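Colleague: Sequence:
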Amino acid sequence: MFFQVKKGAVDIVRDLTGSEDGLQALTYYSQIVFPSLSCLLAENKEISEPAAQALVNLSENSEISRKMIEVGITTTAMETLYKQRDANISRLIVMLLLNLTQLDEGVMSLLQTEDEKMQGVHVMKLVRSFCTSNEKGEDPFEHVGSILVNISRVEEGRKYILDPKRGLLKQIIRQFDSTSLLRKKGVCGTIRNCCFEADNQLQNLLLVSDYLWPALLLPVAGNKVYSEQDTSKMPPELGTALSIERESVDDPDIRVQALEALYLIILQSGYEYRQKYIYNTKLLPPDYNAIRSSPLSITW
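Here the sequence shown is numbered in the numbering used here, starting from 20 and rising by one per residue.
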């Protein structure tokens with residue numbers, strides 16, 4: 020009897036999230052509704068699935084999303100995600116995190132910036148799941164790439180991903196070989212955003228050049244097979260990739276992001292080279308504060 024009452028209640032709440040009036044009503048009782056829904060994520064599928072759907076729908080509204088972050092939904096979602104065995108519900112929780120990280124507050128919450136001992140643990144778990152989950156059939160973690168784009172939108176997120184001690188960037192870039200377009204977009208967008216730190220983190224970017232150059236240059240190289248003479252002076256990892264038959268990357272977003280990332284790297288590399296080898300006078304460095312005003316972010 021109690022199960023049926025709980026199931027009926029969560030279904031009603033889920034249905035209310037489908038209308039503007041319903042969203043306003045639920046927001047009015049946010050201190051009760053949001054924690055209650057998040058607790059239901061740990062229930063069996065008949066209850067946890069509509070609860071997750073309701074939270075995803077609610078989080079599409081930025082003001083509601085901000086309130087959800089304030090009551091700790093980010094932490095609850097992460098804790099539940101790794102106790103969850105149902106792929107569809109895991110996917111819904113990842114989509115919830117994607118919407119929450121559209122806001123800077125959501126990114127900071129996921130990064131756990133206020134807890135020095137736990138800082139970054141959530142992100143490390145998500146990256147590990149993103150890089151090890153099976154793409155065949157259901158892929159509940161494919162939206163993690165888009166979460167990483169949102170995380171890398173802010174300076175703290177970029178620095179965390181670029182930290183060579185953690186090795187996250189290398190793991191992320193290797194997912195560019197995925198057959199999933201959504202994963203490719205997430206990887207390329209994350210690289211592009213990380214390149215906004217080229218003025219301070221160029222060497223950390225170049226530490227993963229074995230994976231970085233193919234990920235950035237193959238999308239703009241088309242499907243032309245280059246001769247041994249063409250590739251003889253290229254880095255081996257790039258020359259090998261360009262000398263074999265491959266499908267071209269036709270998605271315009273990926274191609275644009277790859278070009279923007281290359282531009283940011285070349286901009287800083289060129290400045291440093293000119294300063295060191297060509298000019299005696301001091302040059303003005305690239306204005307990275309202006310450049311950083313347009314990082315990419317993704318919502319569901």
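Calculated directly from the structure, the hints in this document are not laboratory data. Just so it is clear, the structure is predicted and the values come from calculations on it, not from any experiment. Treat the hints with care, as some may be off.
Here are the simulated distance ranges between beta carbons [unchecked claim]:
#: 1; residue 1: Ser49; residue 2: Lys102; range: 35 to 41 Å
#: 2; residue 1: Asp40; residue 2: Lys102; range: 32 to 38 Å
#: 3; residue 1: Glu133; residue 2: Phe22; range: 58 to 64 Å
#: 4; residue 1: Ile51; residue 2: Asp270; range: 40 to 46 Å
In silico DMTMM-like links for lysine to aspartate or glutamate, alpha-carbon gap of 25 Å or less [as the list claims (entries may be wrong)]:
#: 5; residue 1: Lys243; residue 2: Asp218
#: 6; residue 1: Lys204; residue 2: Asp249
#: 7; residue 1: Lys144; residue 2: Glu62
#: 8; residue 1: Lys86; residue 2: Asp30
#: 9; residue 1: Lys178; residue 2: Glu157
#: 10; residue 1: Lys26; residue 2: Glu65
#: 11; residue 1: Lys178; residue 2: Glu65
#: 12; residue 1: Lys204; residue 2: Asp123
#: 13; residue 1: Lys204; residue 2: Asp218
#: 14; residue 1: Lys86; residue 2: Asp229
#: 15; residue 1: Lys144; residue 2: Glu133
#: 16; residue 1: Lys102; residue 2: Asp134
#: 17; residue 1: Lys243; residue 2: Asp269
#: 18; residue 1: Lys102; residue 2: Glu82
#: 19; residue 1: Lys184; residue 2: Asp229
#: 20; residue 1: Lys86; residue 2: Asp40
#: 21; residue 1: Lys204; residue 2: Glu175
#: 22; residue 1: Lys25; residue 2: Glu68
#: 23; residue 1: Lys102; residue 2: Glu62
#: 24; residue 1: Lys86; residue 2: Glu157
#: 25; residue 1: Lys178; residue 2: Asp218
#: 26; residue 1: Lys102; residue 2: Asp158
#: 27; residue 1: Lys26; residue 2: Glu79
#: 28; residue 1: Lys102; residue 2: Glu157
#: 29; residue 1: Lys204; residue 2: Glu247
#: 30; residue 1: Lys204; residue 2: Asp269
#: 31; residue 1: Lys136; residue 2: Glu98
We put the beta carbon where it would ideally sit given N, CA and C, even for glycine.
Colleague: Hints broken by the structure, by number, lowest first?
Modeller: Going through the list in order, the structure violates hints 1, 3, 5, 6, 9, 11, 14, 18, 24 and 29 and respects the others.
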